[in-house]
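Start from the sequences, fold in the hints, and give me the full structure.
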Amino acid sequence: MKEQNLPYEKILLEKLKKGDQTAFSSIFRHYYRDMVLFGGNFLADKKDCEDVVQSIFLKLWNDRDVIQIDTYLKSYLLTAVRNGCLNEIRRKGSDHEDLSAADVELSEITSEYDTNNYMLYSDLNQHLERALNKLSPAIKETFLLNKFEGLRYKEIAARLNVSERTIEVRIAAAIKFLRSYLKEFYLPGLFLIIISLNNVISLWKKIN
Amino acid sequence: MNTDNYIESLVIKYLSGHCTEEEKEALLSWIKESEDNRIQFEALRNIWQGLNPAFNPEEIDDQKALNSVLNKINKLHWTQHPVVVYWQRSAAILLLPLLLSLIYLLVSKEPENITQQEVFAPYGTFVEVNLPDNSKVWLNAGSSLKYPTRFTKGSRKVTLQGEAFFEVESYPENPFTVHTARVDVRATGTAFNVEAYPKDSMTSVTMVKGRIGMAINQQKRFDLFPGERASFNKNTLQCKIEKTDPYKWYAWKDGLMVFRDDPLEYVFKRVGQTFNVEIVVMDKEIANQPYRATFKQESLSEILRLLQLSAPIRYVNYNQETANELALKRRKVEVYKLKK
Numbered sequence: 001m002k003e004q005n006l007p008y009e010k011i012l013l014e015k016l017k018k019g020d021q022t023a024f025s026s027i028f029r030h031y032y033r034d035m036v037l038f039g040g041n042f043l044a045d046k047k048d049c050e051d052v053v054q055s056i057f058l059k060l061w062n063d064r065d066v067i068q069i070d071t072y073l074k075s076y077l078l079t080a081v082r083n084g085c086l087n088e089i090r091r092k093g094s095d096h097e098d099l100s101a102a103d104v105e106l107s108e109i110t111s112e113y114d115t116n117n118y119m120l121y122s123d124l125n126q127h128l129e130r131a132l133n134k135l136s137p138a139i140k141e142t143f144l145l146n147k148f149e150g151l152r153y154k155e156i157a158a159r160l161n162v163s164e165r166t167i168e169v170r171i172a173a174a175i176k177f178l179r180s181y182l183k184e185f186y187l188p189g190l191f192l193i194i195i196s197l198n199n200v201i202s203l204w205k206k207i208n
Numbered sequence: 001m002n003t004d005n006y007i008e009s010l011v012i013k014y015l016s017g018h019c020t021e022e023e024k025e026a027l028l029s030w031i032k033e034s035e036d037n038r039i040q041f042e043a044l045r046n047i048w049q050g051l052n053p054a055f056n057p058e059e060i061d062d063q064k065a066l067n068s069v070l071n072k073i074n075k076l077h078w079t080q081h082p083v084v085v086y087w088q089r090s091a092a093i094l095l096l097p098l099l100l101s102l103i104y105l106l107v108s109k110e111p112e113n114i115t116q117q118e119v120f121a122p123y124g125t126f127v128e129v130n131l132p133d134n135s136k137v138w139l140n141a142g143s144s145l146k147y148p149t150r151f152t153k154g155s156r157k158v159t160l161q162g163e164a165f166f167e168v169e170s171y172p173e174n175p176f177t178v179h180t181a182r183v184d185v186r187a188t189g190t191a192f193n194v195e196a197y198p199k200d201s202m203t204s205v206t207m208v209k210g211r212i213g214m215a216i217n218q219q220k221r222f223d224l225f226p227g228e229r230a231s232f233n234k235n236t237l238q239c240k241i242e243k244t245d246p247y248k249w250y251a252w253k254d255g256l257m258v259f260r261d262d263p264l265e266y267v268f269k270r271v272g273q274t275f276n277v278e279i280v281v282m283d284k285e286i287a288n289q290p291y292r293a294t295f296k297q298e299s300l301s302e303i304l305r306l307l308q309l310s311a312p313i314r315y316v317n318y319n320q321e322t323a324n325e326l327a328l329k330r331r332k333v334e335v336y337k338l339k340k
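Respectively, the protein sequence lines represent chains P and Z. Residue numbering for the first sequence is 1 to 208, as defined by this note's numbering. Residue numbering for the second sequence is 1 to 340, as defined by this note's numbering.
Heads up, some of the hints might be wrong.
[Unchecked claim] Partial selection, computed: residues in chain P whose CB lies under 10 Å from chain Z:
(1) Lys-18
(2) Asp-20
(3) Gln-21
(4) Phe-28
(5) Phe-38
(6) Leu-73
(7) Ser-75
(8) Ser-100
(9) Ala-101
(10) Ala-102
(11) Asp-103
(12) Leu-145
[To be verified] If you want a taste of the chain Z side facing chain P, the calculated C-beta under 7 Å gives, among others:
(13) Phe-55
(14) Ala-65
(15) Val-316
(16) Val-333
[What the hints assert, rightly or not] Straight-line alpha carbon distances no greater than 25 Å define the calculated DMTMM-like cross-link-like pairs of lysine to aspartate or glutamate that follow:
(17) P:Lys-134 / P:Asp-114
(18) Z:Lys-24 / P:Glu-164
(19) Z:Lys-32 / P:Glu-108
(20) P:Lys-46 / Z:Asp-61
Simulated from the structure, these hints should not be mistaken for laboratory data. Since this is a predicted model, take the numbers as computed values, not measurements. The C-beta atom is built at its ideal place from N, Cα and C for all residues, glycine as well.
Written out as structure tokens, the structure is:
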């Protein structure tokens, strides 16, 4: 997967070490939202996530002259969020006692993250937006109505005042384009998940 | 291809919480089969999470969060709550000894070692200073006072930039002198207020009790009596003496801002001086409208809000953040007449 790093990360970190609050603020603004959303994969409460992330930034500032960041800053911050959230879960104590063996093993696997290669929410959505913007406006609108608003071909045809056949053609064109475009960016999974957004279950049934 | 689709659907079902026990087992054994599979699982999960964020990204207020973290870093809690502001003021007064020791200026004017010290009053508050002769000085927001650690015989000299209220101990043989850029005030045992902001074209002295002598640019001496206010305009070189209610001019030392039929422009100037904001009245029409109000330890945002409630005005460049930001850098707010 493509690396998405804050531009001038090294310079910013150097400035941070010297106590530059503007550099600190830049890093904060760049990563805060994505870090909170990443925390949402562990903690259900947004406030808890924000607290975890804010304390990470406080620590980043307070330890700025001793901190050693060997990986990418993104990776460092995401790992800190993961650890902070897992600590929070441990501190609160789990209230799920009825987990099956598969659940336990899966939750162990799912609490592991390759933070180096993790794509942040904003990066991912930028890719998606770029991909969708490559479509012609009519095709894009049709595709969004179908995949993101969950309208059926018939409903879209009525709304856009075109034939149902036209809708079918447009959707097929969108899928064909997105499949090849996103493959170029090593995002085949993104494609699959977009086309199955609303009807995960029905897709599942169709495949079988 | 078919197994790929099967696995991908399985991952989606798992992440959206629709997996049965058997499906979980199947997914688990597939992940454990190879490192490649685990990586593929992670990539799919990554994308799923990106498209299904746990919270609405729009509702995450990073600016607010940044402000709160910066406040913690700078140990400054700039909130709008009047009670908190009160404590903040108290804290500022308690902070004074620290300020004193920080700003220690050595001046080798006298053969014996007499040091000069300088006290600054932070914006948004004022500080109380006790001089070596037991005189008391209240220093208004953004002002500074320079004075020796020990007064020598024959004179007690201090230098003021900005605004201060003096309560001077009476020693007729040792007159007390306040130097400002343009006006010198010579007093023996009185209470008076001096406004000498460097950016202001007016320097004003208001007498409360006792008697003082004033000198403008080291000449033009005259006496000032209680209830009188002398204002010297550096542009016209005119000095005007008028009768006034003195309390209005030094109420700030009790945490009050008193306006009695003062032009709106003056109200904003005064508020701006206190909070280090440049508030400019852009429409001359409203600049001279008289305004009556008393603000008691209100925050900047509260004062601006109250003014907007009672006068037909609107602010440009002003938002909650302007008011909340630490008053360290000077900000500018423009005031316009409200259009009907």
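We went through each hint and held it up to the structure:
1. The closest approach between the C-beta of P:Lys-18 and any C-beta of chain Z is roughly 15 Å, which is over the 10 Å cut-off, so the hint fails.
2. The criterion of a C-beta within 10 Å of any C-beta in chain Z is not met by P:Asp-20, whose closest approach is roughly 12 Å, and the hint is violated.
3. Restraint check, P:Gln-21 versus chain Z: the minimum CB separation of about 7 Å is within 10 Å; hint holds.
4. A hinted interface residue such as P:Phe-28 counts as satisfied when its beta carbon comes closer than 10 Å to some beta carbon of chain Z; here the least separation is about 5 Å, so the hint holds.
5. Checking P:Phe-38 against chain Z by beta carbon gives a least distance of about 8 Å; that is within 10 Å, so the hint holds.
6. Hint status for P:Leu-73: violated, given a least beta-carbon distance of 16 Å to chain Z, over 10 Å.
7. Look at P:Ser-75: its Cβ only gets to about 13 Å from chain Z, farther than 10 Å, so that hint breaks.
8. Restraint check, P:Ser-100 versus chain Z: the minimum CB separation of about 6 Å is within 10 Å; hint holds.
9. Interface hint at P:Ala-101: satisfied, since its Cβ lies 9 Å from the closest Cβ of chain Z, which is below the 10 Å cut-off.
10. Using the Cβ-Cβ criterion of 10 Å, the hint placing P:Ala-102 at the interface with chain Z is satisfied: the shortest such distance is roughly 4 Å.
11. Because the smallest distance between the Cβ of P:Asp-103 and any Cβ of chain Z comes to about 7 Å, under 10 Å, the interface hint for this residue holds.
12. Hint status for P:Leu-145 relative to chain Z: violated, with the closest Cβ pair at about 17 Å, above 10 Å.
13. Residue-level restraint check for Z:Phe-55 holds (minimum Cβ-Cβ distance to chain P is 5 Å; threshold 7 Å).
14. Because the smallest distance between the Cβ of Z:Ala-65 and any Cβ of chain P comes to about 6 Å, under 7 Å, the interface hint for this residue holds.
15. Evaluation of the Z:Val-316 hint against chain P yields a violated restraint, the C-beta minimum of about 25 Å exceeding 7 Å.
16. Checking Z:Val-333 against chain P by beta carbon gives a least distance of about 22 Å; that is not within 7 Å, so the hint is violated.
17. Between the alpha carbons of P:Lys-134 and P:Asp-114 the distance comes to roughly 30 Å, so the proposed pair goes past 25 Å and is violated.
18. About 39 Å separates the Cα atoms of Z:Lys-24 and P:Glu-164, which puts this hinted pair outside 25 Å; it is violated.
19. For the suggested pair Z:Lys-32 and P:Glu-108, the alpha carbons sit about 12 Å apart, so the restraint of at most 25 Å is met.
20. Distance restraint check for P:Lys-46 and Z:Asp-61: the Cα-Cα separation of roughly 11 Å lies within the 25 Å cut-off, and the hinted pair is therefore satisfied.
The earlier numbered hints that this structure contradicts are 1, 2, 6, 7, 12, 15, 16, 17 and 18.
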